[in-house]
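Add chain R to chain B, keeping to what the hints say.
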Amino acid sequence: MPESVIQVERVFRNYGSFRAVDGVSFEVHRGEVFAMLGPNGSGKTTTMRMILDLLKPDSGTIAVFGGPLVDAARDRIGYLPEERGLYRNVQVIEMMIYLGTLKGLSRRDAQQRSQRLLERLEMGDQSKKKISELSKGMQQKIQFAVTVLHDPDLIIVDEPFSGLDPVNSLVLKDLLTEFKSRGGTIVMSTHQMTQVEEMADRLFMIHRGQQKLYGTVDAIRKQYAQHAIIVEGRGDWAALPGVVSVETRENGRSSAVLHLAEGVSSDSVLAAITSSGSIHIERFELAVPDLNDIFIRVVEENRL
Amino acid sequence: MSSFSRVGLVARREYLFNLRRRSFLFAVFGVPLFTFAMWFIIFAVMEDSENDLGKVEKVGVADASGLLDGQIVPLDAPVQFEFYADATHAQQALDDAAIGAYISLPAQYLRSGQVEIYSYGTVPAALEDAVRQLLLANLSQFAPLDMPFDRIQNPVVMSIYVNDTGRTLTEANIPALFFLPMIFALLFMMSSGVTSGFLMSGIVEEKTNRIIEVLVTSVSPLQLLTGKIIGLGLLGLTQLLIWGAAGMVLITVGQAVPFLNGIEFPLTLMLVFGVYFILSYFLLSTLMAGIGAISGSEQESRQYSTIISLLFIIPFFFIPNFIAEPNGTTAVVLTMIPFTAPMSILFRIGFGVVPPVQMVASLLLLFLTTFGVALASARVFKWAVLHYGRRPTLWQVFGVLRASRTAEGGEARL
Numbered sequence: 059m060p061e062s063v064i065q066v067e068r069v070f071r072n073y074g075s076f077r078a079v080d081g082v083s084f085e086v087h088r089g090e091v092f093a094m095l096g097p098n099g100s101g102k103t104t105t106m107r108m109i110l111d112l113l114k115p116d117s118g119t120i121a122v123f124g125g126p127l128v129d130a131a132r133d134r135i136g137y138l139p140e141e142r143g144l145y146r147n148v149q150v151i152e153m154m155i156y157l158g159t160l161k162g163l164s165r166r167d168a169q170q171r172s173q174r175l176l177e178r179l180e181m182g183d184q185s186k187k188k189i190s191e192l193s194k195g196m197q198q199k200i201q202f203a204v205t206v207l208h209d210p211d212l213i214i215v216d217e218p219f220s221g222l223d224p225v226n227s228l229v230l231k232d233l234l235t236e237f238k239s240r241g242g243t244i245v246m247s248t249h250q251m252t253q254v255e256e257m258a259d260r261l262f263m264i265h266r267g268q269q270k271l272y273g274t275v276d277a278i279r280k281q282y283a284q285h286a287i288i289v290e291g292r293g294d295w296a297a298l299p300g301v302v303s304v305e306t307r308e309n310g311r312s313s314a315v316l317h318l319a320e321g322v323s324s325d326s327v328l329a330a331i332t333s334s335g336s337i338h339i340e341r342f343e344l345a346v347p348d349l350n351d352i353f354i355r356v357v358e359e360n361r362l
Numbered sequence: 061m062s063s064f065s066r067v068g069l070v071a072r073r074e075y076l077f078n079l080r081r082r083s084f085l086f087a088v089f090g091v092p093l094f095t096f097a098m099w100f101i102i103f104a105v106m107e108d109s110e111n112d113l114g115k116v117e118k119v120g121v122a123d124a125s126g127l128l129d130g131q132i133v134p135l136d137a138p139v140q141f142e143f144y145a146d147a148t149h150a151q152q153a154l155d156d157a158a159i160g161a162y163i164s165l166p167a168q169y170l171r172s173g174q175v176e177i178y179s180y181g182t183v184p185a186a187l188e189d190a191v192r193q194l195l196l197a198n199l200s201q202f203a204p205l206d207m208p209f210d211r212i213q214n215p216v217v218m219s220i221y222v223n224d225t226g227r228t229l230t231e232a233n234i235p236a237l238f239f240l241p242m243i244f245a246l247l248f249m250m251s252s253g254v255t256s257g258f259l260m261s262g263i264v265e266e267k268t269n270r271i272i273e274v275l276v277t278s279v280s281p282l283q284l285l286t287g288k289i290i291g292l293g294l295l296g297l298t299q300l301l302i303w304g305a306a307g308m309v310l311i312t313v314g315q316a317v318p319f320l321n322g323i324e325f326p327l328t329l330m331l332v333f334g335v336y337f338i339l340s341y342f343l344l345s346t347l348m349a350g351i352g353a354i355s356g357s358e359q360e361s362r363q364y365s366t367i368i369s370l371l372f373i374i375p376f377f378f379i380p381n382f383i384a385e386p387n388g389t390t391a392v393v394l395t396m397i398p399f400t401a402p403m404s405i406l407f408r409i410g411f412g413v414v415p416p417v418q419m420v421a422s423l424l425l426l427f428l429t430t431f432g433v434a435l436a437s438a439r440v441f442k443w444a445v446l447h448y449g450r451r452p453t454l455w456q457v458f459g460v461l462r463a464s465r466t467a468e469g470g471e472a473r474l
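Line by line, the protein sequences are chains B and R.
Residue numbers for the first sequence follow the numbering used here, so the first one is 59 and each next one is one higher.
Residue numbers for the second sequence follow the numbering used here, so the first one is 61 and each next one is one higher.
The shape of chain B in the complex, shown without the other chains (with noise of 0.2 Å):
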């Protein structure tokens, strides 16, 4: 049983007559990245604040490291909000420090520290200037810098990649990445599918404040997969046994689905493939979506 480093049950949030969170649960484990999906205004950054203790819930219970967030595990804890901000006319390293002792550290740790990341991000010669100097995505990284600048052992980011070139997109994924391995529980929010497909353990997708979607991303993936192949060659793909209906992808490739009939499996298809001779086949995969078409398929679900 891995050991839950947050737990939220059954929590309400009303904002006035509108529900912004209507009574959902999750846990988050130890050394995971969990990640938060769901549209804008579906409720993320109200669950976000409300495990932060920013806000209260109307009902349900919040805990963070097995109980209510004291001071003190509050210190242990990281937060990069949506909405990024910095002080505007201090010096990086001024406010770095000033930002670390606030969460518990020495002075000259947090000096020492802050130098030292600045440096791992590149940015080692930018401590003396002042933010308002700095280039946006500069500043989005100093605001990453001090969000792990205090060794959290988890860090709350809502949406850390939002106004990232790539290049900075894939320093921060390495940092995010380095720190998981050494141990840091990472809850993310983003829109980014492809990012939650290569890092996130675990997801949770809320829409109109309510629960959509909780599992492993293999797990969610497979629950929405088609009965169907995806397939690239050469070939007569509607004579082969069990497949019902072709439909091809006018996508430059010469790929199509092959949609399966009731108690046929993939297995099968490859089978017949193999034996058939007259079909050259070039690809061969489940059709399971990827998360960008799930999250769509859960909005439109939901639409009404």
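Since the hints were made in silico from the structure, they are not lab data.
Among the clues, some could well be false.
Rough simulated footprint, nothing fancy, chain B against chain R, three-plus residues with beta-carbon under 8 Å [said to hold, decoys possible]:
no.: 1; stretch: 64-78
no.: 2; stretch: 138-145
Some chain B residues flagged as far from chain R (calculated, every beta-carbon gap over 10 Å) [what the hints assert, rightly or not]:
no.: 3; residue: Arg77
no.: 4; residue: Gly143
no.: 5; residue: Asp183
no.: 6; residue: Lys187
no.: 7; residue: Leu233
no.: 8; residue: Lys238
no.: 9; residue: Gly293
no.: 10; residue: Val357
What you are looking at is a predicted structure, and each value in this text was computed from that prediction instead of being measured.
Glycine residues also receive a C-beta, built at the ideal position from the N, C-alpha and C atoms.
For chain R alone, coordinates are given in the frame of chain B:
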């Protein structure tokens, strides 16, 4: 880390950051320079007016002491002295506009040195000099042998009665009367205005650039607010200390300037100033913090803060009332209203004596209001810091004040 040290960290940061601000340095060093310059101009103007007797050509004399029986008038006297049998006749002449002013020497003048000048309108300094010369000329001729040595040293202890207001001014307390309370009131306004302005703009900045969301995951909103208020309060005190030091220099230098000779810093005035300064600084800054938290932009918050600052300077508009009736209804009412109390009490201490009961009542009201405002502001602050982008309506703010839970937002932890 204890919550005390978190508050300390915030206070330290606010103090050091704002200490280096250009606007603070300007306020600290620019204001004394500006004040010196103003004083310089005032001296220059006063020097001019001292030699000007204005409309006063004839001055009545009513002498009950017998010193002026010989009616010796210095040859170079700038005014014409008319002698009257008693003060009633002199007053009659003044009312008939036969004379511009009259002096009255009481029977015990030689002992007390008391001389009264009655006039409608202001008494020019040149007239006082003329009276002094008149008395010295007569003292040098007719002084009895047993005249107190005091009189030779200081022949005139002047009381001026300006009939328009019925107010008495005596030489010794003129600077303390007018200038000290005014200076203290101005210092208070500038110092608390500057620091609470920093507090408000700091909150608005943290809110608009969203760093508040990171801050409140490390410190509670109440710790943040407390730290800010303490840090900036210390900054205000630093400012006052620097100004105090500059004032000392001015007074030391001012020994050479006759006008400043009489200025002293009475302990009671300093004490009252200190207590009222601290309380009203808290009142002003907690209010500003609440406003900073609910307003959407720096510009907007400035409009509100101007209105609040105006509340504090209302007593300035009632200065004539304070002079005429330091214990009158207007003065007492303004002393009791927490916003106007600091200025009012300073004026009243300057112009008269405040009954202790009133001072205690005023302090109590100020304290209770400050406490109430601090609680309300903290509540609004912790609710509003995470509501950005849209400004809460007045109704929502009242809702937050009425209950700890609200329909619109939820409170963060205190």
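Hints, one by one, checked against the model:
Counting residues of the stretch 64-78 of chain R whose C-beta sits closer than 8 Å to any C-beta of chain B gives 5, which meets the bar of three, so the coverage hint holds. Closer than 8 Å: that is the beta-carbon criterion, and the stretch 138-145 of chain R has 0 residues meeting it against chain B, so the requirement of 3 is violated. For arginine 77 of chain B, the requirement that its beta carbon stay farther than 10 Å from each beta carbon of chain R is met, with the minimum near 12 Å. A beta-carbon of chain R comes within 10 Å of the beta-carbon of glycine 143 of chain B; the shortest separation is about 3 Å.
With 10 Å as the threshold on Cβ separation, the claim that aspartate 183 of chain B sits away from chain R holds: the shortest Cβ distance comes to roughly 23 Å. Non-interface call for lysine 187 of chain B relative to chain R: holds, since the shortest CB-CB distance, roughly 16 Å, exceeds 10 Å. No Cβ of chain R approaches the Cβ of leucine 233 of chain B within 10 Å, the least distance being about 17 Å, so the stated non-interface status holds. Distance check on lysine 238 of chain B: its Cβ is at least 21 Å (rounded) from any Cβ of chain R, clearing the 10 Å threshold; non-interface status holds.
Listed as outside the interface, glycine 293 of chain B is consistent with that label: its C-beta sits roughly 58 Å from the nearest C-beta of chain R, beyond the 10 Å cut-off. Listed as outside the interface, valine 357 of chain B is consistent with that label: its C-beta sits roughly 24 Å from the nearest C-beta of chain R, beyond the 10 Å cut-off.
The structure shown violates the earlier hints numbered 2 and 4.
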